[in-house]
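Participant: In case you want the letters, here they are:
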Amino acid sequence: MTAATMAGNRPQRPSRTKRNLALLGVGLIVAAAVATVDVDPAEILELPAGVALLFREMFLDPGPDWSYLPTAMEGMLESIQIAWVGTVIGAILSLPLGFFGAKNVSSPLVSNVVRQFLNVIRAFPEIILAITIMIPIAGLTPVAGALALGIHSIGTLGKLTAEVVEGIDPGPVEAARAAGGRPLQIQRWGILPQVLPEIVAFWLYRFEINIRASAILGAVGAGGIGFSLQQTIVFHRYELAGTAIIVVVVATIAVDTVSGWVRRRIIEGADARARPGDVEALGSPLREDTAIG
Amino acid sequence: MTTAAVQPRRPAKPRPSLVVPIGIVAFLAITWASLSEQFGIAFDLGKILEDITAGGEILISDRDSAAQYGLLVPNWAFLPQTVEPMIETFQMAVLAATIGCAVALPVAFVVSRVTTPNSPTFVLGRSVLSVVRAIPDILYALMFVASVSIGPLAGIAALVLFNIGVVAKLLSETVDGVDQGPIEAARAGGSNRPQTVRWAVLPQVLPNYVAYALYTFELNIRAATVIGIVGAGGIGYLLRGQYQFFNWSNVSVIIIVLFVCVFFIEMISIWLRRRLV
Amino acid sequence: MIRFEDASVTYPGGVHALNKLSLEIPDGQMVVIVGLSGAGKSTLIRAINGLVPLTEGDVTIDGVSVGSANPRKLREIRSRIGMIFQTFNLVKRTTVLNNVLMGRLHSTGTLRSLVGWYRPADVEIAMKALERVDIVEKAHVRASNLSGGQQQRVGIARALAQEPKILLADEPVASLDPPTSHVVMRDLQRINRELGITTIVNLHFLDLAKVYGERIIGLRSGELVYDGTAAAADENVFRDIYGRSLTADDVMGEASAAAATL
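Protein chains in written order, with my numbering: chain X, 1 to 293; chain Z, 1 to 277; chain C, 1 to 262.
Some clues are possibly wrong.
Said to hold, decoys possible - In silico DMTMM-like pairs for lysine to aspartate or glutamate, Cα to Cα no more than 25 Å straight-line:
id: 1; chain 1: Z; residue 1: Lys169; chain 2: X; residue 2: Asp65
id: 2; chain 1: C; residue 1: Lys92; chain 2: Z; residue 2: Glu266
id: 3; chain 1: Z; residue 1: Lys169; chain 2: X; residue 2: Glu74
id: 4; chain 1: C; residue 1: Lys138; chain 2: Z; residue 2: Asp179
id: 5; chain 1: X; residue 1: Lys103; chain 2: Z; residue 2: Glu266
id: 6; chain 1: C; residue 1: Lys92; chain 2: C; residue 2: Asp62
These aren't lab readings, by the way, just hints derived from the structure by calculation.
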């Protein structure tokens with residue numbers, strides 16, 4: 001062919017020093033952590049055996065004590081309720097805050113202040129909120145847990161809501177303004193319909209996370225199944241713990257499944273209304289013949 | 001007459017869907033039940049407000065001191081004692097993220113329908129992952145503390161399982177969405193499944209994988225703190241020691257140290273993510 | 001030699017993608033397949049390397065049956081068949097060279113391939129393949145940074161790196177503009193003549209088919225309706241294959257930029 005096909009024209013491999021340095025850096029950090037962490041290597045070897053023993057006592061011999069089931073289920077119900085109330089508080093209060101925090105709805109100054117405020121709240125892990133503020137104030141009660149979850153949720157949901165509102169299609173807003181709508185009306189009819197499905201999906205996802213958070217709070221005393229778990233394990237009543245764990249797993253999976261289903265329906269419904277004729281948009285089925293193997 | 005066309009019959013208003021009203025009713029019912037005293041958590045707004053005003057005092061006072069110390073006035077003399085536990089938290093986060101993400105990679109391929117055809121392996125993998133994810137990290141921590149001892153080992157082990165749950169799920173969803181063209185090309189050339197995954201799928205998800213790994217590390221710092229409270233090492237353990245004895249000014253220092261560290265790590269993580277992607 | 005014996009592919013729902021097709025393709029021939037979308041072109045090509053399994057009948061390559069090959073044998077068969085695609089199917093995030101090396105995966109052990117430790121001989125084959133399609137200078141460039149025509153050439157190089165006996169091309173130029181399409185088709189023709197590789201190409205532009213096809217096969221509703229030379233394939237023949245009058249969409253033409261849509 002042409003002279004360009006002679007072997008002498010092959011390009012050099014590009015140097016990848018920057019990437020290699022970065023990898024080396026990460027490797028060093030990991031190595032340092034391994035070297036300095038206060039872990040006895042002998043204990044690592046004991047770990048599998050220790051866990052196996054625990055497992056055996058919890059699930060096989062003597063196995064879960066089913067008489068504990070009512071207590072465990074009550075605790076789980078309480079945890080779910082704590083998570084629910086916390087999520088509701090978070091959802092209700094985050095909605096207006098989200099709008100205030102959106103640059104395209106409120107002024108740049110206000111939105112900035114609100115976003116910073118939300119960042120500060122977000123940075124408080126629920127547990128810190130719980131043990132430092134709620135429990136001293138409201139005592140070792142489920143309400144304390146709900147408040148802690150609620151306040152943290154305001155932070156996360158507020159940020160997500162603001163981001164969704166900032167990402168809208170400005171068309172309907174412009175139309176509403178051109179028709180002479182007042183700000184609140186514009187928000188209700190021009191913005192809200194666009195963002196509501198996504199926001200509700202966030203609320204549901206937050207609820208799923210809060211269920212786990214609620215169990216954690218329980219372990220430090222705020223009621224619910226976390227409390228049962230902590231008590232039964234610390235006092236070596238493993239047969240009761242086994243029951244409690246089964247309840248937690250089943251309930252969490254159940255809530256996740258239902259919540260996930262509702263979330264998908266909401267998002268799909270929104271897509272279908274937006275593009276009525278476009279069935280493809282609802283998700284392409286995986287072609288069987290391109291699966292590997 | 002005119003040549004105007006006859007108007008079509010006006011359509012009847014469609015019957016409103018029952019979904020939204022039912023949803024709202026369900027929501028209200030559940031919320032009311034959860035707030036009530038008999039069925040729920042006994043949420044009493046009046047009492048809460050009362051408590052807040054009364055409780056404000058607690059935060060300002062401190063167990064040992066008669067003066068105005070407390071949550072709002074940090075005891076800086078306590079700062080040096082936070083260094084070692086904070087480093088331990090950091091170590092736990094790093095090690096757990098490394099191990100967890102490494103294990104999560106193959107797991108993600110097993111639980112994605114794109115890389116594992118519908119088979120018992122796939123179903124088993126999905127079920128196991130669901131269970132692993134359904135167990136809150138604090139439960140893992142409790143179990144590991146009970147089976148080995150207090151300290152970072154239990155914490156690392158707990159976080160590893162937590163990480164696998166998070167990263168495997170996220171990554172498998174990314175894998176589900178890859179461009180399947182290269183996969184078809186690899187199959188057409190006679191590659192076997194591991195080769196196809198390595199060369200047609202992995203390059204597509206690698207940037208996401210790195211982002212998830214960094215995200216996991218951030219999560220771990222916070223999670224390590226929490227599980228430390230039940231004995232799994234790090235600054236959480238220190239925190240519990242202090243708040244159990246109502247040493248609010250020490251607690252305050254710990255919280256500040258935590259915030260500063262988390263803030264820095266987030267900054268670095270954002271910077272790193274920009275560089276690597 | 002590739003042989004189809006009463007090959008049928010029927011999808012659930014009763015659609016016959018291929019209907020009792022019988023065909024023989026001797027080694028080294030350049031065959032162009034034309035027909036409407038849905039006529040079975042894609043299915044026919046994918047039946048040769050088993051990407052689409054037959055519901056009836058068989059397809060054999062040099063006497064070896066593709067339909068009854070176990071997975072291992074099937075991979076071996078596929079390793080000697082190169083395939084290029086309408087959408088190129090390159091791994092966008094990695095380099096051209098890594099893409100072409102995928103053609104050497106079958107002959108590389110699994111462990112080695114996981115780590116990316118290809119033998120120097122394999123790298124040499126990949127480089128030579130890139131040289132043959134005149135794109136070796138882009139070897140370390142990310143695939144997504146190339147134009148459509150360049151990406152397709154990389155696709156051809158990947159197929160060539162397998163050192164195949166058969167080359168399958170599924171609408172290789174449908175996503176390219178007219179000048180680039182001619183470049184790619186000329187490359188395929190040159191490869192067919194210089195290396196003696198049996199080449200089977202699906203095209204939906206009839207003028208391209210006539211120029212580059214040694215033998216033209218027309219499919220309609222999964223059945224063979226024409227099998228002859230390009231010279232003998234005139235407008236009437238094409239009208240027969242398509243079952244309707246020809247339109248401007250069926251011809252690429254030099255001047256018609258509209259014809260070069262996806």
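Participant: Each of the hints needs a verdict: does it hold here or not?
Facilitator: A quick look at each hint next to the structure:
no.	hint	verdict
1	Z:Lys169 - X:Asp65	violated (32 Å)
2	C:Lys92 - Z:Glu266	violated (30 Å)
3	Z:Lys169 - X:Glu74	violated (30 Å)
4	C:Lys138 - Z:Asp179	holds (23 Å)
5	X:Lys103 - Z:Glu266	holds (23 Å)
6	C:Lys92 - C:Asp62	violated (35 Å)
In summary, the numbered hints that this structure violates are 1, 2, 3, 6.
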